[in-house]
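S.K.: Assemble the whole structure, with the sequences as input and the hints as a guide.
What follows is each chain in one-letter form.
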Amino acid sequence: MPKVHKIRRGLNIPLKGEAEKVFTRVDLAEAYAVKPIDFPGLTPKLSVKEGDKVKAGSPLFFDKYRPEVLYTSPVSGEVHMVRRGERRKILEVIVHPDSEQKFEEFGVEDTSTLSREQVINKMLNAGVWPMVKQRPYAIVANPDDKPKSIHISAFDSAPLSPDLDFAVKDEADAFQAGVEALKKLTDGKVNINLNAQYPPSNVFTKVKGVEFNYFSGQHPAGNVGIQIHHIEPINKGDIIWTVNPLDVIIIGRLFLKGIYDATKVIALAGSEVQKPRYFILKSGAAISNIVKDNTNQPFDRLRFISGNVLTGTRIDDNGFLGYYDNMVTVIPEGDHYEFFGWASPGFNKFSHTRAFLSKLIPGKKFALHTNLNGGERAYVMTGQYEKVLPMDIYPVHLIKAILAKDIDKMENLGIYEVAEEDMALCEYVCTSKTEVQAILREGIELMIKELGE
Amino acid sequence: MKSLRNFIDKIKPNFEKGGKLEMFYSTFEGFETFLFVPNKVTQKGSHIRDAIDLKRTMIIVVLALVPALLFGIWNVGYQNALATGSPTEFWPIVLFGLGKVLPIIVVSYLVGLGIEFTFAQIRKHEINEGFLVTGMLIPLIVPVDIPLWMVALATAFTVVIGKEVFGGTGMNIFNPALLARAFLFFAYPSHMSGDYVWVANLSKGEGIIDGFSGATPLANAAAYQIDKIPSAMDMFLGFIPGSIGETSTLAILIGAFILILTGIGSWKIIVSTLLGGLSMGLIFNAFAVNPFMEIPAWHHLIMGGFAFGAVFMATDPVTASQTEKGKWIYGFLIGLFAVLVRVVNPAYPEGMMLAILLMNAFAPLIDHYVIQASIKKRKKRAAAAAKNS
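From first to last, the protein sequence lines stand for chains X and Z. In terms of this note's numbering, the first sequence opens at residue 1 and continues consecutively. In terms of this note's numbering, the second sequence opens at residue 1 and continues consecutively.
No lab work stands behind these hints: they were computed from the structure. Among these hints, one or two may not hold up.
[Claimed, not checked] Taking lysine-lysine pairs in the DSSO-like style, the calculated list, with each CA pair at most 27 Å apart, reads: (1) X/Lys449 to Z/Lys44; (2) Z/Lys376 to X/Lys405; (3) X/Lys146 to Z/Lys387; (4) X/Lys405 to Z/Lys379; (5) X/Lys400 to Z/Lys44; (6) X/Lys206 to X/Lys169; (7) Z/Lys376 to X/Lys400; (8) X/Lys236 to Z/Lys376; (9) X/Lys409 to Z/Lys380.
[What the hints assert, rightly or not] Calculated from the model, a selection of chain X residues having no Cβ within reach of chain Z, i.e. all distances over 10 Å: (10) Lys3; (11) His5; (12) Ser47; (13) Gly51; (14) Arg88; (15) Glu109; (16) Ile120; (17) Ser149; (18) Ala172; (19) Val210; (20) Phe212; (21) Ile231; (22) His336; (23) Glu386; (24) Tyr428.
Treat the numbers as computed from the prediction; the structure is a model and nothing was measured. Even for Gly, the Cβ is constructed at its ideal location relative to N, Cα and C.
M.R.: Okay, structure coming up:
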């Protein structure tokens with residue numbers, strides 16, 4: 001057994017509604033969307049207008065400051081609408097699919113015969129490049145950089161998250177092909193980070209030419225940022241790329257089949273889902289046909305989240321699956337008053353502290369709602385963030401440095417090593433209800449603005 | 001509950017912007033959120049949040065103070081009964097104690113909350129729950145014979161100068177309750193020290209039996225009257241004169257148990273403070289030149305306000321060290337200084353208060369060095385990596 005990195009701090013939030021391990025293949029959704037807001041810092045420029053016909057893999061928009069990075073349609077069909085928000089900011093580019101799917105041809109090629117530039121160009125053209133993210137900052141990688149290494153976290157430890165071993169089980173070839181492509185991108189190692197608490201899927205362990213690292217512990221042990229911190233912490237100037245395993249499969253298909261086949265496995269989970277299970281669908285799909293007649297309460301009392309409860313994006317019941325998301329979570333809204341809620345014994349309340357009697361029932365699972373559970377306050381309690389951030393970082397001091405816009409201090413306190421998902425639990429546990437993730441992203445944006453990527 | 005909710009919803013518009021009673025919005029909101037946890041849902045970031053909030057946190061601290069409070073009420077009556085030679089029956093002495101302690105609590109809360117509400121309203125902030133604890137701490141650390149107007153003055157001083165001028169709960173440098181006590185100690189020393197203030201009505205001197213001394217064990221020790229110090233068991237259980245809530249180490253330990261069990265109080269600070277006090281006691285034992293230095297080191301932990309300070313004052317998260325490493329240093333030094341001050345300087349028998357206030361001032365410095373060490377480590381790592389590549 002290789003060395004196991006034991007993650008000693010963290011928190012598993014025991015939620016009800018875990019997805020049952022059954023695949024459900026669904027018909028084409030009525031609409032698909034690519035959302036520029038999934039890519040922090042992106043300024044999109046449209047390549048299409050409403051009514052245009054597109055194929056799967058045709059560009060919908062591109063990065064204004066890096067025009068070679070294309071964002072392409074996951075399906076063939078007609079551009080139905082470009083939904084805009086305040087100041088005409090593009091929120092969603094919505095495509096209505098054809099019944100017969102047509103694909104842009106990018107050519108079937110063996111990666112071993114390709115140069116690094118050819119691999120990158122192919123990924124850029126097909127719109128799979130944005131699946132490669134960079135640390136620091138957790139933004140889309142710059143194709144001009146040469147990363148020190150690439151990390152793939154082969155397990156997701158977030159609440160109710162899909163079992164990736166289950167999700168990838170029929171995709172061994174595509175995964176290997178994807179890894180082959182990624183190996184071309186770096187002179188360093190491609191790392192696959194596995195969960196040491198159970199034997200991982202052969203799809204991961206049979207991959208050739210990569211480095212395996214093992215992790216054990218509670219959430220956020222499965223976060224790639226935490227894993228990098230324990231293997232090769234990011235110093236100023238380092239660049240490490242990260243890819244999600246389900247996206248590795250989509251990249252692999254591009255080289256095996258020559259098309260952008262955005263099919264992926266997602267979990268539909270949460271306490272308000274009648275039949276939580278796995279679905280095979282295409283990236284960007286509208287969730288309406290998987291949640292219809294499948295919830296325990298009327299839609300207006302629910303929150304639909306693309307992603308997990310800690311880091312996901314709030315969407316409507318007819319909203320779309322995010323580019324990077326592998327799950328949809330449905331939980332009850334908490335927009336109700338609770339009489340003397342702060343004084344209740346709290347058998348149904350989950351807390352990282354032991355201030356509620358629910359701690360007396362081991363193994364209990366909770367149907368948590370979206371109430372803030374209290375008012376926002378100045379920082380009073382200390383040592384809470386540290387308990388759920390398994391990094392050698394002082395999180396509260398980092399957040400305060402960001403609020404003070406002190407670039408030097410942010411750098412010194414380790415802003416290069418963290419992304420929102422890594423500090424999401426800090427936000428969850430915060431007694432003062434501070435918006436940690438939003439503050440951190442502001443800090444990251446300030447760093448990019450002042451120092452460049 | 002429904003009808004109460006409906007009533008609140010009905011009167012709420014009066015307090016909102018443009019309403020007649022807009023100037024009382026913070027007060028209204030304070031009461032509303034006291035009755036009902038608001039219906040506010042998450043907008044950004046994590047969609048679910050921990051059930052803990054500041055109200056729950058503060059109420060648990062108040063709960064942890066209850067054993068010390070109840071014992072304090074009983075002990076006030078008991079000490080008075082001893083002084084006057086009255087029978088020590090349970091209910092009469094509890095009633096006597098209640099009559100003495102309750103007014104102090106009421107004054108502390110009325111004055112403190114009044115000022116808090118006013119400041120919250122001026123700043124248009126929500127009312128912060130911090131004073132719920134401070135308002136209970138102040139009565140527990142004053143002598144029972146203190147005039148009520150002094151309680152009011154000290155509370156006003158500490159809330160305004162100690163807390164609000166810094167920006168309110170979470171921003172203050174010094175522990176508010178201790179600041180109130182320090183204010184009284186230096187402004188009205190005759191009411192805060194000596195042998196007469198610790199037992200109710202003793203300073204008036206009426207009906208006191210001959211030969212009764214109201215001296216605290218610490219005063220005995222400082223006067224080298226070692227034979228007069230009560231037994232360790234009495235001091236541990238709290239059958240001694242002293243500030244209202246500080247005498248019973250047992251009651252305080254129950255509170256400590258609640259704080260540590262719920263995860264609200266930092267066990268690191270409590271343990272390190274005890275270790276600090278014990279260490280200094282042992283040092284004195286080793287180099288003893290007077291009887292006070294010779295008392296067993298662990299007696300320091302059950303005398304005076306040491307235990308109360310360690311459990312309820314030093315652990316105040318706002319004024320303590322904020323880093324986990326810093327908490328060890330912070331607590332240890334508090335214990336050390338408390339025993340040092342009380343033994344070496346007989347003018348200040350209560351070293352705990354001064355030690356905690358001193359370390360409150362130094363807590364940011366401790367944190368600074370802990371953080372700097374982390375920053376240095378990170379820079380070193382970067383330098384090493386740059387060298388290798």
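S.K.: Could you run down the list of hints and mark each one as holding or not?
M.R.: We went through each hint and held it up to the structure:
1. X/Lys449 to Z/Lys44: 22 Å, holds
2. Z/Lys376 to X/Lys405: 21 Å, holds
3. X/Lys146 to Z/Lys387: 18 Å, holds
4. X/Lys405 to Z/Lys379: 20 Å, holds
5. X/Lys400 to Z/Lys44: 18 Å, holds
6. X/Lys206 to X/Lys169: Since the Cα atoms of X/Lys206 and X/Lys169 sit roughly 12 Å apart, the hinted pair holds (cutoff 27 Å).
7. Z/Lys376 to X/Lys400: 19 Å, holds
8. X/Lys236 to Z/Lys376: Status holds; Cα separation ~13 Å.
9. X/Lys409 to Z/Lys380: Holds, because 16 Å separates the two Cα atoms, which is no more than 27 Å.
10. Lys3: Fine: 20 Å to the nearest Cβ keeps X/Lys3 off the interface.
11. His5: Non-interface label on X/His5 holds, nearest chain Z Cβ at 17 Å vs cutoff 10 Å.
12. Ser47: Since the minimum Cβ distance to chain Z is about 30 Å, X/Ser47 lies beyond 10 Å and the statement holds.
13. Gly51: 35 Å, holds
14. Arg88: 22 Å, holds
15. Glu109: The claim holds: X/Glu109 sits with its nearest Cβ about 32 Å from chain Z, beyond 10 Å.
16. Ile120: Label holds. Min Cβ-Cβ 23 Å, cutoff 10 Å.
17. Ser149: Holds, since 12 Å exceeds 10 Å.
18. Ala172: The assertion about X/Ala172 holds, with a minimum of 34 Å to chain Z.
19. Val210: Non-interface label stands for X/Val210: nearest chain Z Cβ at 21 Å, farther than 10 Å.
20. Phe212: 23 Å, holds
21. Ile231: Label holds. Min Cβ-Cβ 13 Å, cutoff 10 Å.
22. His336: Non-interface label fails for X/His336: nearest chain Z Cβ at 5 Å, not farther than 10 Å.
23. Glu386: 6 Å, violated
24. Tyr428: 5 Å, violated
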